[in-house]
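There are 4 protein chains.
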Amino acid sequence: MSFGSDNMAPVSDRVMQAIVDANGGPARSYGADEWTNRATDALETLFETRCSAFFVATGTAANTLGLAAVTPPWGVTVCHEVSHIRTDECGAHGLQTGGAQLLTLAGDGGKLDAPDLDKILGAYDFEDVHHPRPTSISISQLTEVGCRYDVSEIAAISKIAKRHGMALHMDGARFANAVAAAGCTPAEMSWKAGVDILSFGGTKNGCLALEAIIVFRDTAAIDDRAVGDLARRRMRAGQLLSKGRFLGAQLLSYLEDGHWLTLAGHANSMAAELARILTGSGRARLAWPVGGNEVFAILSRSDQARLAGAGITAFEWRDAPLNDPPAADETLLRFVCSFATSQDDVARVAAILS
Amino acid sequence: MSFGSDNMAPVSDRVMQAIVDANGGPARSYGADEWTNRATDALETLFETRCSAFFVATGTAANTLGLAAVTPPWGVTVCHEVSHIRTDECGAHGLQTGGAQLLTLAGDGGKLDAPDLDKILGAYDFEDVHHPRPTSISISQLTEVGCRYDVSEIAAISKIAKRHGMALHMDGARFANAVAAAGCTPAEMSWKAGVDILSFGGTKNGCLALEAIIVFRDTAAIDDRAVGDLARRRMRAGQLLSKGRFLGAQLLSYLEDGHWLTLAGHANSMAAELARILTGSGRARLAWPVGGNEVFAILSRSDQARLAGAGITAFEWRDAPLNDPPAADETLLRFVCSFATSQDDVARVAAILS
Amino acid sequence: MSFGSDNMAPVSDRVMQAIVDANGGPARSYGADEWTNRATDALETLFETRCSAFFVATGTAANTLGLAAVTPPWGVTVCHEVSHIRTDECGAHGLQTGGAQLLTLAGDGGKLDAPDLDKILGAYDFEDVHHPRPTSISISQLTEVGCRYDVSEIAAISKIAKRHGMALHMDGARFANAVAAAGCTPAEMSWKAGVDILSFGGTKNGCLALEAIIVFRDTAAIDDRAVGDLARRRMRAGQLLSKGRFLGAQLLSYLEDGHWLTLAGHANSMAAELARILTGSGRARLAWPVGGNEVFAILSRSDQARLAGAGITAFEWRDAPLNDPPAADETLLRFVCSFATSQDDVARVAAILS
Amino acid sequence: MSFGSDNMAPVSDRVMQAIVDANGGPARSYGADEWTNRATDALETLFETRCSAFFVATGTAANTLGLAAVTPPWGVTVCHEVSHIRTDECGAHGLQTGGAQLLTLAGDGGKLDAPDLDKILGAYDFEDVHHPRPTSISISQLTEVGCRYDVSEIAAISKIAKRHGMALHMDGARFANAVAAAGCTPAEMSWKAGVDILSFGGTKNGCLALEAIIVFRDTAAIDDRAVGDLARRRMRAGQLLSKGRFLGAQLLSYLEDGHWLTLAGHANSMAAELARILTGSGRARLAWPVGGNEVFAILSRSDQARLAGAGITAFEWRDAPLNDPPAADETLLRFVCSFATSQDDVARVAAILS
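Chains as they are written, first to last, in this note's numbering: chain A, 12 to 365; chain B, 12 to 365; chain C, 12 to 365; chain D, 12 to 365.
Chain A on its own, in the form it takes in the complex (with noise of 0.2 Å):
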């Protein structure tokens, strides 16, 4: 049983079974069918406002692609140091910016931290053509420790975003999570909070691959034409899919009656209880809140043994600073529940830890 990462987990039914119902006769490609056009406008619906939409297999290119919209060469990305972007993508912003820079901000439990930001951002000098402009700010939800930015905390880093001119990015691979966790409409998580561009993802919660960079037409700081572009960005990234309609499919069947926030929600909850059941049984303390559907938490090496010998996977965790840190005898467990977690995981960790 895994708790390694909601990456590990399968394709939803219904997911899958949409994909195996696009299987019919021939349909045109590279995102010209009609399943690809449906799951825009679903996603308009959803968001209650209009979007641009580009669909892609990882959260990589989501994410680096968005970004490369709104951040030239010479440009920044003000992220977390403990980001996906700067730590887990490889360098990709690199690549689809054409070589922009991150500049990197601490920050509880992954969050980028307002007042921080509106100095640091406050004393840059964004004139002087020696220093790479700072042009977005990214911020990841959930983030990379599991929590969650409230809407406040969003709107707040926003405001800071426009006043510099900049546009803010929100790296959306837990989107459904921290909207399911949060009780919030999806508008109220993005746009409405001041997010420019999205990445929505699917393939942790229940999809094959697919992620979807939403730009939000009516709100975003982004130019017509860098909109445009993307289409250009994402061809060129070998993004563009040629049997588009998989894509489609899948996000069409992902959004179908709430199934995302189903999914979602459920995968919340395991965690919940997880969280309950380690913190309940004083073997172990939480390093952070849980914000959707991981748990971090501290035990004891020995119990870390214990659950290792009973076939359950939970990666270790060292990239982050903490204020608690593990002692020499503690470490420190990242677990993933996911859409497919069941009850019977989690009894079996309080089993083996009571």
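No lab work stands behind these hints: they were computed from the structure. Be careful, since some hints might not be right.
Said to hold, decoys possible - Distance condition first, Cα-Cα at most 30 Å in a straight line; then the derived DSBU-like pairs of lysine-lysine: (1) LYS203/C <-> LYS130/C; (2) LYS130/B <-> LYS173/B; (3) LYS130/A <-> LYS173/A; (4) LYS130/B <-> LYS130/C; (5) LYS130/D <-> LYS130/A; (6) LYS170/D <-> LYS203/D.
Note that the structure is a prediction, hence the values are computed from the model and not measured.
Once you've looked at the hints, dock chains B, C and D against the given chain A.
Showing chains B, C and D alone in chain A's frame:
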């Protein structure tokens, strides 16, 4: 009914079933799964040699990542003036190589002509730092106009490449059709003829989205570090799919029982039949010999209108020079057959034109 | 004595004196000095229009930074197959544009042929995202084989460029020689003929290291942001010299009293004289008409040996196709005259060949 | 009178005379001239080891081309958070490396702290393809805030670099000042301490525009091909000057008779005197120890106004964190001395503040 592109075809039932079957419990992510491992083994068996294989979702990614492994930013890839990497990948070669150039040559049927190539490279000053340095040659099998290189033609080009320390890349988006038509082994068509890197295509021939970059480790003129770096390049390009099992599963089912050649052989025979019909009617002539599953035929605009009126899709082709070009009242159409093209589809064309 | 290249010539005395004279006390750095400001004013006076000028140290930098302003990474620059940006800048165009392509055309004398250009661009599908998008045309004045575009030829190319929303760039490494030979004004040779960006060369014509990227602000098909970004591009390319006063000083002295045209006119007259000698002797024929300061002559290998034996440097030229190519016992030599070429130098060639 | 920057100083008389003297007849272009050859020899003599040297016109070019030789596109250069390559080169590192990242660390006085570095790199997973790979460390000598690494500090950093297979680069824009102040040999300050590549600066210390990228061939952790490729990188960056003799001539005169150290020693002594005056007056305190020719002093805003009113240029410095930052009525000023700073200049400051 569509002869528009093999990209417009669906997924073969066997391949789709394999995707469904892979959708069990958890699996290791990012290509560390068992399907991916077995798929590499299967390629080594098929090609009768040691391979490094990197699975990606698109042909553009396969071609340009493979070429990037053998083309530094100041390098040059020599290719035909009508080649996918030049005309149809939106400059992806420039992205993945970091800005390398293409040097394009003419040649009948979309094929590089070995004597021409020899002459041009023989006169090139490879050492002068002012000149970008030719480091790779890329050929397409089938070519963009549906022709097929003989094994001996490939070997002649490879010999020239090796004389100049250059690598030979093959864009094998339709490698299956070429092998099926030539009746040789995959090894004979690739490394035994001196190909160093192959984009082994699956998508156009019945897969959902699967291409493999194959480096022939025992013979390729590529150093080990460059091969290792390909794993970084793929990740950085956003082409390392998290649920990699579904790529591995596609490949395994694609190769099993010679399924790939069955699919390609069928497409080829439909194309041969179509060519017979078109030319036999005396109403069309072939622009180029049919090398696999594509028929480029010159016919009257009135016949074009009749086909279109009957709902038959075939695209006009304008990109390549012809010795005997269409007259003013004629046009050049590309008919692409796929595994899904039926006898009825072909018969329908015959009926319309008769 | 060297007819090897105008790059092998020294610096004109006036220009060198200006460098020495600028070497007084402190001056503002990075182009904020008074020399640089006055140099831009001087260019506006010379060209009779509002200019944005960016001084750099090399022609490669000038060409490729200027083109980068009008060529996105997925763009294409159309140029002659024998052009400096393609053959002699080691792929700098790919570096500065972030990977854009070159589309090369043939044409007599190194010149783009307007009807050919029109035909190719007229057939190009600019909207299909699969195709890299042609966004700029670059012509060289003089061409790589020493020919000169008439003003009307430039205007014809510009008209085609504008029809397709493309920018017209001129590599003017030998712009001075062209203007001196044509007897027109700099304005007539550039923006009045529809040139948007000009690499205005100084180095080959008596400067130490000075090229100016000039954007004609009132007429150029370039948006203001792209012009502003050029300042970032130059800095990022390491081409913003800290002691910028020495670039400004070079330009001021170069333009003062028509010094630049005096230098170029002398070089041109030496070339004309040399061409007369070579062809008048009946021992050589011109490969192309002499457009300025370069003579491309076909002569016997024995004459080549006699010249070399007498210490006269002139390089063999192998890069360009010729209607009447050298016979087996002949060769094609490029003789370049500069401001420093003397009557004696030319007479010496006459003596050797007579 | 200006303490604004050593970039605002003129060219030393000896160096200017050498430029004038090199301006004789023809010379081979693009660095094939005798001055350039002799300049490389002179560097080998100075550094007591075999060197590959590449002369360029700016420090930005030197730093980023050198780093590009040891940093692949998916690589990471570790550097101080206040370093020129991060804050003042407009992202040139991203351009020349093809998009590599910077990993920035804090540290007193602009210096990397070896134990911190060791800890961070010790915990880094170099093999995981998701993570960009740290392949180079860059330190600045002097640092951006005028401090100087001891030879032993450099050696400690180099030891860590080598443990991880990384190259050590030194931004030596003020290497002359560092050597003059430390009283060691250039070899001791560079390759003997484990530096692999050095940007050897001339421009800030009396040259017109001259920086050398030096690779220490017998000791550098760089493979031969990467060194050879540097010649291509330089050309492609537009940094191979055609009239290269004037770079070679600068370097030769700069090194002759220890001229470079005479210039730097004078600048250092002026800075030492200035620091004494500022602190001795009790009206200012040093922000950091003076390592060479720069004084960072905290003084009252009223004193700042008095200096400015007297025509003395010294820039406010806002980029670096301080243990004892300026109070509300104070500011931090950077005073830079150069070879051209006079006793009178320094005395004038004393007079104003007394």
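key: Unmet hints by their number, sorted upward, for this structure   = Hints that this structure does not satisfy do not exist here, as all of them hold.
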